[in-house]
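Trainee: Okay, so the sequence shown: first residue is 1 according to UniProt numbering, each after it adds one.
Any given hint might turn out to be false.
Here are the simulated lysine-lysine pairs, DSSO-like style, with alpha carbons at most 27 angstroms apart [as the list claims (entries may be wrong)]:
no., residue 1, residue 2
1, K223, K179
2, K250, K261
3, K128, K177
4, K227, K261
5, K261, K217
6, K128, K242
7, K250, K217
8, K261, K251
9, K151, K9
10, K264, K223
11, K264, K177
12, K242, K261
13, K223, K151
14, K250, K264
15, K250, K227
16, K177, K242
17, K151, K264
18, K251, K179
19, K309, K264
20, K261, K151
21, K264, K251
22, K316, K333
23, K264, K9
24, K128, K227
25, K151, K174
26, K128, K223
27, K309, K333
28, K179, K227
29, K261, K174
30, K261, K316
31, K309, K261
32, K264, K227
33, K326, K309
34, K174, K242
35, K316, K326
36, K309, K128
37, K128, K179
38, K151, K128
Calculated from the structure, these hints are not laboratory results.
The model shown is predicted, which means the values in this text are computed figures rather than measured ones.
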Amino acid sequence: MKKEQDISKIITDYAIGTSDEAGMEQAIGLFEEPGNNLTIRNELFNLWNSEKVALGSVAKKHELNEILDSIHHQINLRGNSKKASRTKKLIIGFSRIAAVLIVGVFIGVLSIHYFNQDPVYYTTMSPKGSISQMVLPDSTIVYLNGGSVLKYSYNQRGIREVYLQGEAWFDVEKDQKRKFVVHTPFYDVNVLGTEFNVKAYADDNLVSTTLEEGLVKITSGGKFRLKEPQVLEPGEQLVFNKADNSIRIKKVETERYSAWKENKLIFVDMSLQELIVLLERKYGVDIYIDDQSLLGLHYDGIFRNETIKEVMDILKETLPIEFEVKDQEIHIKRN
Numbered sequence: 001m002k003k004e005q006d007i008s009k010i011i012t013d014y015a016i017g018t019s020d021e022a023g024m025e026q027a028i029g030l031f032e033e034p035g036n037n038l039t040i041r042n043e044l045f046n047l048w049n050s051e052k053v054a055l056g057s058v059a060k061k062h063e064l065n066e067i068l069d070s071i072h073h074q075i076n077l078r079g080n081s082k083k084a085s086r087t088k089k090l091i092i093g094f095s096r097i098a099a100v101l102i103v104g105v106f107i108g109v110l111s112i113h114y115f116n117q118d119p120v121y122y123t124t125m126s127p128k129g130s131i132s133q134m135v136l137p138d139s140t141i142v143y144l145n146g147g148s149v150l151k152y153s154y155n156q157r158g159i160r161e162v163y164l165q166g167e168a169w170f171d172v173e174k175d176q177k178r179k180f181v182v183h184t185p186f187y188d189v190n191v192l193g194t195e196f197n198v199k200a201y202a203d204d205n206l207v208s209t210t211l212e213e214g215l216v217k218i219t220s221g222g223k224f225r226l227k228e229p230q231v232l233e234p235g236e237q238l239v240f241n242k243a244d245n246s247i248r249i250k251k252v253e254t255e256r257y258s259a260w261k262e263n264k265l266i267f268v269d270m271s272l273q274e275l276i277v278l279l280e281r282k283y284g285v286d287i288y289i290d291d292q293s294l295l296g297l298h299y300d301g302i303f304r305n306e307t308i309k310e311v312m313d314i315l316k317e318t319l320p321i322e323f324e325v326k327d328q329e330i331h332i333k334r335n
């Protein structure tokens, strides 16, 4: 890790447009490294509040859109280049984690200065086969699972809220004066400061919230009305069943439901049908099955850093299946 004064200079030069080519590479490199993200986030906020990058000096040299476009453009160029090289082979390891979305920090902090009335919303998407890590403007840490979308805003005086479709793990920055709300299409998760996982994919029949630390309160959302709010304690999970509009709360091993952010897969009596959906999201592949009766098979296991081909080879040894790889597709049939 570079010294803090070096980081300040790299980010400052990049933001106000005085970076040379090497400096731009260093800045983008800082934004892309997940380890750097958590280390430098406080430095970023201090920097934006300092005289070096005060609103006036930034505005004189670059309009807001020009700064944001520059950051997006550089990260997209690097991301597209990496993606092109990766798609040449199907073996996609869990080490493939999306570039850190530190852009959200810049957008959020700038919006405090430029938009101090109505909240401004920004949308982040994590493609299938990737995991995105980001820091929200209030310093809340979010891991966004593959195939997920998060919309968020920064309202300096009101509540902190995000809108989730898909799956995300949150480490919410404590703020007793402003609660944090995760809106899903079916219910809302209300917190003050805690760690929890929310899974709310549109295609899944179950929507779940798993609490690791703190307390959360589940309240009615757009498509589902609760008779009364449900409060979760650490180690509890609330599951909403879309098919019959039922909810249940149970004790769980929370690691099973947040292991994905650590590049692990944990399966406990999981059906092949559920497993296929999970593998498609994690590895960015399409899986087809010829014999529908195979979907009822169940599997227990733990994977970490295996490629999709290695996972399929292990499943082949355990279940009565064969598989064939065609580009980014996997075809499964009965053995």
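Trainee: For every hint, state whether the structure bears it out.
Mentor: Each hint tested on the structure:
1. K223 x K179: 22 angstroms, holds
2. K250 x K261: 22 angstroms, holds
3. K128 x K177: Violated - the C-alpha atoms of K177 and K128 are around 36 angstroms apart, more than 27 angstroms.
4. K227 x K261: Roughly 33 angstroms between the alpha carbons, so the hint for K227 and K261 is violated.
5. K261 x K217: Holds, at about 23 angstroms.
6. K128 x K242: Holds, at about 23 angstroms.
7. K250 x K217: 15 angstroms, holds
8. K261 x K251: 21 angstroms, holds
9. K151 x K9: Violated, at roughly 30 angstroms.
10. K264 x K223: Status violated; Cα separation ~32 angstroms.
11. K264 x K177: 36 angstroms, violated
12. K242 x K261: OK: K242 and K261 at ~25 angstroms, within 27 angstroms.
13. K223 x K151: Between K223 and K151 the Cα gap is close to 18 angstroms, so the pair holds against 27 angstroms.
14. K250 x K264: Within the cut-off at roughly 23 angstroms; holds.
15. K250 x K227: 18 angstroms, holds
16. K177 x K242: Answer violated: K177 to K242 is near 33 angstroms, above 27 angstroms.
17. K151 x K264: Satisfied, since the Cα-Cα distance of roughly 26 angstroms is no more than 27 angstroms.
18. K251 x K179: This hinted pair holds, its Cα atoms lying about 25 angstroms apart.
19. K309 x K264: 16 angstroms, holds
20. K261 x K151: 19 angstroms, holds
21. K264 x K251: 21 angstroms, holds
22. K316 x K333: 10 angstroms, holds
23. K264 x K9: 36 angstroms, violated
24. K128 x K227: With Cα atoms ~35 angstroms apart, K128 and K227 exceed 27 angstroms; violated.
25. K151 x K174: Given pair K151, K174 holds - Cα atoms ~20 angstroms apart, limit 27 angstroms.
26. K128 x K223: 26 angstroms, holds
27. K309 x K333: Within the cut-off at roughly 15 angstroms; holds.
28. K179 x K227: 22 angstroms, holds
29. K261 x K174: Judged against 27 angstroms, a Cα distance of about 21 angstroms means the pair holds.
30. K261 x K316: 26 angstroms, holds
31. K309 x K261: 20 angstroms, holds
32. K264 x K227: It is violated: about 36 angstroms lies between the C-alpha atoms, which goes past 27 angstroms.
33. K326 x K309: Within the cut-off at roughly 12 angstroms; holds.
34. K174 x K242: Measuring from Cα to Cα gives roughly 31 angstroms; hence the hint is violated.
35. K316 x K326: 17 angstroms, holds
36. K309 x K128: 17 angstroms, holds
37. K128 x K179: Not satisfied, since the Cα-Cα distance of roughly 30 angstroms exceeds 27 angstroms.
38. K151 x K128: 17 angstroms, holds
Hint violations for this structure: numbers 3, 4, 9, 10, 11, 16, 23, 24, 32, 34, 37, all remaining hints satisfied.
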